[in-house]
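J.: Spelled out from the first residue to the last, the chains are:
Protein chains: 2
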Amino acid sequence: MDSKSIEKFKIKKIKNNSIKEFEDSIINEQPFTIFVNGYELVTLMSLPNELKELAIGFLASEGILENLNEIKTMEFSHQNSIIQVKLNKDIDINLFKKRTLTSGCGKGVTFSNLNDCSAVKISNNNLTMKADTIVNLMVKMQKNAKLFDETGGTHTSALANSDNIMFVIEDIGRHNTIDKIIGKSYLNKINLNNKAVLTSGRVSSEIIIKVLKQKIPILISRSAPTSTAVNIAREKDLTLIGFTRGNRFNIYNDLNRIKY
Amino acid sequence: MDSKSIEKFKIKKIKNNSIKEFEDSIINEQPFTIFVNGYELVTLMSLPNELKELAIGFLASEGILENLNEIKTMEFSHQNSIIQVKLNKDIDINLFKKRTLTSGCGKGVTFSNLNDCSAVKISNNNLTMKADTIVNLMVKMQKNAKLFDETGGTHTSALANSDNIMFVIEDIGRHNTIDKIIGKSYLNKINLNNKAVLTSGRVSSEIIIKVLKQKIPILISRSAPTSTAVNIAREKDLTLIGFTRGNRFNIYNDLNRIKY
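Just so you know, the sequences run in chain order A and B.
Residue 1143 is where the first sequence ends in the numbering used here, and the numbering goes up by one at each step.
Residue 1143 is where the second sequence ends in the numbering used here, and the numbering goes up by one at each step.
Among these hints, one or two may not hold up.
The list cannot tell twin chains apart, which means a pair is met if one copy fits it or any two copies do.
[Said to hold, decoys possible] With a straight-line Cα cutoff of 25 angstroms, these simulated DMTMM-like cross-link-like pairs (lysine to aspartate or glutamate) come out:
#, residue 1, residue 2
1, K1072, D1137
2, K969, D1046
3, K969, E923
4, K893, D973
5, K969, D1015
6, K1098, D1032
7, K1096, E953
8, K955, E906
9, K903, E949
10, K891, D1137
11, K1098, D1046
12, K1013, E1033
13, K891, D1046
14, K1013, E958
15, K1072, D1015
16, K969, E958
17, K903, D1137
18, K893, E923
19, K893, D1120
20, K1013, E906
Because the hints were derived from the structure by calculation, they are not lab data.
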């Protein structure tokens, strides 16, 4: 386990009015600032690990980065709280400024950002999954949520193929877990258009847009979607599953990718 | 129940490989853009209700608004997806061009940083609470989480005095629930420095900074804090409680405000 991820604190536990002193494991967070071509783009609050993955995934989600060949250099500084990304191409800062002002979360949230996805439709049939597999993979992901087990303070996401979990990511932010999955897949040259993403977190519009932009055909959550996320899934042919708990789940959009 | 908050969808429920068609209630989200003195400040993804409360609370959390007298006019447009706030004072727009994306559920963005809080320390002893009361108020808040009951897609927060819940807020974003509590308190001229905030959400640095800025002495969560939040609470004398479940909770910072 990464020692940077957890800090130990002496706390008091109260149960039925009795008090116990206790050494508790608490999850860390750290501000992480991404510069692109010298321009300060954003500061994310994140778990202080897999930061290269986070930077790459965030830039991909924002539409700034299309593939790793566009990166000239990536340099960390200030104890990894800053990354300087130099690209082999110019980016239009004014466009991005305008866009960041209109998209509060900066993560592709507004209607205008939704328009960025207008060309994206998941027409492929590269991946099908069995109902049993979905249930089993969610259990397996939760079993691998080591930081959650120790601190209760993380979200967990995972990348899976039709049979198995490929890797698991934990972070204090549910958006960050998805960006780190995308960044790690880019770094490891994993083709995303025949994979599924599992996540412990709720599926809001920002989350589904990140998944959609990578043409990932199946998104499986342990939690609830929003109505906007369901509408986007149905419009863009993304298979969306929620409330995956025990031996049950909800299918909000199917498209024959789930076999039962 | 506010009909705008929920949308109905026909979905499939899978349990033990058997399928049932079902009409499900799914939580809504909507982009909400705040203009201040004609400047487009931010777009938040939010539940489409209590938007005046959200705007006031967000501006207060960002240090833009200190009291309601500073507001000249507030006008909604575009079916309440935009609010134009005119203040009786100028604000320095350049201070708000840097964004920090939070770990947030639903929506998290803050322009402020911890340095803004350097002068804030909660030195008062205006509020004490009994351990039993803390347990009971968390149960009471959860019982009043009507939208969560129906959709599973919200966070819940509440304002409380030493004895009872004063009001409950639900939103798709845990940051929004805190901002709405602050905004509603401003609108109803509720003194915050002798109240407690309860929340279902995890306590990251952004959440505790919002509470700290209003000099709210006690923050009670059902979930985990981050290490940064615990450190801020200890430095700034804010009483911080987490994992309030059943008849137990953890005290991360006490300061004799909890009686057992």
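J.: Decide, hint by hint, whether the structure agrees.
T.: So, going through the hints one by one against the coordinates:
| no. | hint | in the structure |
| --- | --- | --- |
| 1 | K1072 <-> D1137 | neither (28 angstroms within a copy, 49 angstroms between copies) |
| 2 | K969 <-> D1046 | neither (37 angstroms within a copy, 56 angstroms between copies) |
| 3 | K969 <-> E923 | within (12 angstroms within a copy, 29 angstroms between copies) |
| 4 | K893 <-> D973 | neither (49 angstroms within a copy, 45 angstroms between copies) |
| 5 | K969 <-> D1015 | neither (44 angstroms within a copy, 56 angstroms between copies) |
| 6 | K1098 <-> D1032 | neither (31 angstroms within a copy, 33 angstroms between copies) |
| 7 | K1096 <-> E953 | within (18 angstroms within a copy, 42 angstroms between copies) |
| 8 | K955 <-> E906 | neither (45 angstroms within a copy, 51 angstroms between copies) |
| 9 | K903 <-> E949 | neither (53 angstroms within a copy, 41 angstroms between copies) |
| 10 | K891 <-> D1137 | between (44 angstroms within a copy, 17 angstroms between copies) |
| 11 | K1098 <-> D1046 | within (19 angstroms within a copy, 52 angstroms between copies) |
| 12 | K1013 <-> E1033 | neither (31 angstroms within a copy, 28 angstroms between copies) |
| 13 | K891 <-> D1046 | neither (37 angstroms within a copy, 33 angstroms between copies) |
| 14 | K1013 <-> E958 | neither (42 angstroms within a copy, 51 angstroms between copies) |
| 15 | K1072 <-> D1015 | neither (28 angstroms within a copy, 54 angstroms between copies) |
| 16 | K969 <-> E958 | within (9 angstroms within a copy, 43 angstroms between copies) |
| 17 | K903 <-> D1137 | between (50 angstroms within a copy, 13 angstroms between copies) |
| 18 | K893 <-> E923 | neither (37 angstroms within a copy, 44 angstroms between copies) |
| 19 | K893 <-> D1120 | between (50 angstroms within a copy, 16 angstroms between copies) |
| 20 | K1013 <-> E906 | between (43 angstroms within a copy, 23 angstroms between copies) |
When held up to the earlier numbered hints, the structure conflicts with 1, 2, 4, 5, 6, 8, 9, 12, 13, 14, 15 and 18 and fits the remainder.
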